[in-house]
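A.B. asks: For reference, the chains in residue letters:
Number of protein chains: 2
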Amino acid sequence: MKVITTLPELRNARTALPEPVGFVPTMGYLHAGHISLINAAKAGCTSVVASIFVNPTQFGPNEDLAEYPRDLPRDLSVLEAAGVDLVWTPTPECMYPPGFQTWVEVQGLTNGLEGKIRPGHFRGVTTIVAKLFNAVRPDRAYFGQKDAQQAVVIRRMTRDLDFPIEIVVCPTTREPDGLAMSSRNSYLIPGERNVATVIFRALTEAKNAYESGQREADILRRIMRDVVNAEPLVRLQYVSCADYDTLEELNTVNTKALLSMAVYVGKTRLIDNFVIG
Amino acid sequence: MKVITTLPELRNARTALPEPVGFVPTMGYLHAGHISLINAAKAGCTSVVASIFVNPTQFGPNEDLAEYPRDLPRDLSVLEAAGVDLVWTPTPECMYPPGFQTWVEVQGLTNGLEGKIRPGHFRGVTTIVAKLFNAVRPDRAYFGQKDAQQAVVIRRMTRDLDFPIEIVVCPTTREPDGLAMSSRNSYLIPGERNVATVIFRALTEAKNAYESGQREADILRRIMRDVVNAEPLVRLQYVSCADYDTLEELNTVNTKALLSMAVYVGKTRLIDNFVIG
Numbered sequence: 001m002k003v004i005t006t007l008p009e010l011r012n013a014r015t016a017l018p019e020p021v022g023f024v025p026t027m028g029y030l031h032a033g034h035i036s037l038i039n040a041a042k043a044g045c046t047s048v049v050a051s052i053f054v055n056p057t058q059f060g061p062n063e064d065l066a067e068y069p070r071d072l073p074r075d076l077s078v079l080e081a082a083g084v085d086l087v088w089t090p091t092p093e094c095m096y097p098p099g100f101q102t103w104v105e106v107q108g109l110t111n112g113l114e115g116k117i118r119p120g121h122f123r124g125v126t127t128i129v130a131k132l133f134n135a136v137r138p139d140r141a142y143f144g145q146k147d148a149q150q151a152v153v154i155r156r157m158t159r160d161l162d163f164p165i166e167i168v169v170c171p172t173t174r175e176p177d178g179l180a181m182s183s184r185n186s187y188l189i190p191g192e193r194n195v196a197t198v199i200f201r202a203l204t205e206a207k208n209a210y211e212s213g214q215r216e217a218d219i220l221r222r223i224m225r226d227v228v229n230a231e232p233l234v235r236l237q238y239v240s241c242a243d244y245d246t247l248e249e250l251n252t253v254n255t256k257a258l259l260s261m262a263v264y265v266g267k268t269r270l271i272d273n274f275v276i277g
Numbered sequence: 001m002k003v004i005t006t007l008p009e010l011r012n013a014r015t016a017l018p019e020p021v022g023f024v025p026t027m028g029y030l031h032a033g034h035i036s037l038i039n040a041a042k043a044g045c046t047s048v049v050a051s052i053f054v055n056p057t058q059f060g061p062n063e064d065l066a067e068y069p070r071d072l073p074r075d076l077s078v079l080e081a082a083g084v085d086l087v088w089t090p091t092p093e094c095m096y097p098p099g100f101q102t103w104v105e106v107q108g109l110t111n112g113l114e115g116k117i118r119p120g121h122f123r124g125v126t127t128i129v130a131k132l133f134n135a136v137r138p139d140r141a142y143f144g145q146k147d148a149q150q151a152v153v154i155r156r157m158t159r160d161l162d163f164p165i166e167i168v169v170c171p172t173t174r175e176p177d178g179l180a181m182s183s184r185n186s187y188l189i190p191g192e193r194n195v196a197t198v199i200f201r202a203l204t205e206a207k208n209a210y211e212s213g214q215r216e217a218d219i220l221r222r223i224m225r226d227v228v229n230a231e232p233l234v235r236l237q238y239v240s241c242a243d244y245d246t247l248e249e250l251n252t253v254n255t256k257a258l259l260s261m262a263v264y265v266g267k268t269r270l271i272d273n274f275v276i277g
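If you read the sequences in order, they're chains A and B. Residue numbering for the first sequence follows this note's numbering, beginning at 1 and increasing consecutively. Residue numbering for the second sequence follows this note's numbering, beginning at 1 and increasing consecutively.
Calculated from the structure, these hints are not laboratory results. All the pointers check out, no bait thrown in.
According to the in silico footprint, chain A covers these stretches of chain B (three or more CB under 8 Å from chain A):
no. : segment
1   : 90 to 103
2   : 106 to 118
3   : 159 to 168
Label pairs and their computed distance ranges (CB to CB):
no. : chain 1 : residue 1 : chain 2 : residue 2 : range
4   : A       : Q107      : B       : Q237      : 29 to 37 Å
5   : B       : G120      : A       : R159      : 16 to 24 Å
6   : A       : M1        : B       : E67       : 55 to 63 Å
7   : A       : M1        : B       : E175      : 58 to 66 Å
8   : A       : E248      : B       : R235      : 41 to 49 Å
9   : A       : P18       : B       : G178      : 53 to 61 Å
10  : B       : R235      : A       : E19       : 52 to 60 Å
11  : A       : V275      : B       : T255      : 50 to 58 Å
12  : A       : C94       : B       : E80       : 39 to 47 Å
13  : A       : A32       : B       : T46       : 42 to 50 Å
14  : A       : V275      : B       : G120      : 33 to 41 Å
15  : A       : T246      : B       : M1        : 37 to 45 Å
16  : B       : Q237      : A       : G120      : 32 to 40 Å
17  : A       : T5        : B       : E166      : 21 to 29 Å
Negatives, chain B to chain A, calculated, CB over 10 Å:
no. : residue
18  : P56
19  : A66
20  : Y68
21  : L72
22  : P232
For every residue, glycine included, the Cβ atom is placed at its ideal position computed from N, Cα and C.
All chains should be modelled from the sequences, with the hints used to inform the complete structure.
C.D. replies: Okay, structure coming up:
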């Protein structure tokens, strides 16, 4: 496995990779969710490239950029064991040199949900993903359904800007008790870790109601809200029942829909979602 | 010469082109300036791709999108005679399908000059050029110095987004009397065509003053303004003496600088520039 930190080296190493090339962009501190993306890339592609870069431009001024967990040696051994061919670990100075001033922005789809709570977040995401796409030039790129809005936004960007890249969205990987895998789970202290399952329980209750015939989005949102609010250590930030393609809030669920929420467990912000319909 | 109108056909045809591939994006109605770009691409690359697309998103609501001159049959025969291998002529519906909502924007560099007069213009330019780059995947792309700010902005976008593409800027091609070649020159009626040379004369006077030792940017700007204002059929929109790299207005010229201006000759808006220093 090659570990590469400069763009000219990356361009050289990329040329030598047998195609098709699969790409898994990450912010490191890898968990089973990332590995499932690597495995999907290995199953579908001849070569697999992963990147590790904690992208500063997708963090807001009051967010957890400085504390974001990092462990490069462990990440590299995990990627090597998973059979990755090439790891791209650029520095922030390489990605955002002095004078950097170009941004890629998806409108519309970024107005609600995470985009509303985290202004500028998706501009940072789409800009860095465009840069990574141009640096790595994959044939396919793999993202997790856990970041549902991100997946929709990146698919839109890829199509709108004519990147010749197939976006593959893989199912959310969960702990045995249902908690979605996330690097941010490492922030949770033991008491918080136990109550964090309320997210999965709330989504499950709403999904069960849908499967029992409930089509009123307000009622599905209320079910999730009530389950979360019954847990005193957890603070709900938003719940949503939105159209899966447009991400607009629904009145009635008669198409594919996204149940999603963001909560604070102590000081840790967690998101999760289910797709229904 | 292949003429291609759909993206899947373009991707196929591109794969078959021997590399390096040179690319000349145009809005059609080709003149000797475009041909000089094609010739530079042919001299430097094994294959040459040109595109013809009058990009609606770089025109403001009160600009000349509808009247912009078009003559595809003539353009195609000109490109064939120039030895172009492949012409990409997408439709507006192909480039901006329903739901399109992604924009590429360069900040800073687009604040002054054309960017100030034409809000949104460069956002349209950088978005379409990013799309064309992803569609055509050239090794080198050729732009004219005539659109000086565009060249600086595209070079910045290419670097910032890590496009593996070399940007080549070619000298402005001029009529024998000095008027810069432009598709918009076709708007000029005979009396206007004669007085349009005032732009070249104003730039030349300022350049001569610089070469005689004048370093005060205010004086160089005043020289250009005075020459243009002496021509009653011409209305000056702006004159500029700016840093060549940052495009910020200068007080004193002690580095590479851009003398530029925009004028109206009748209803026709024309721009031109000289590089000094």
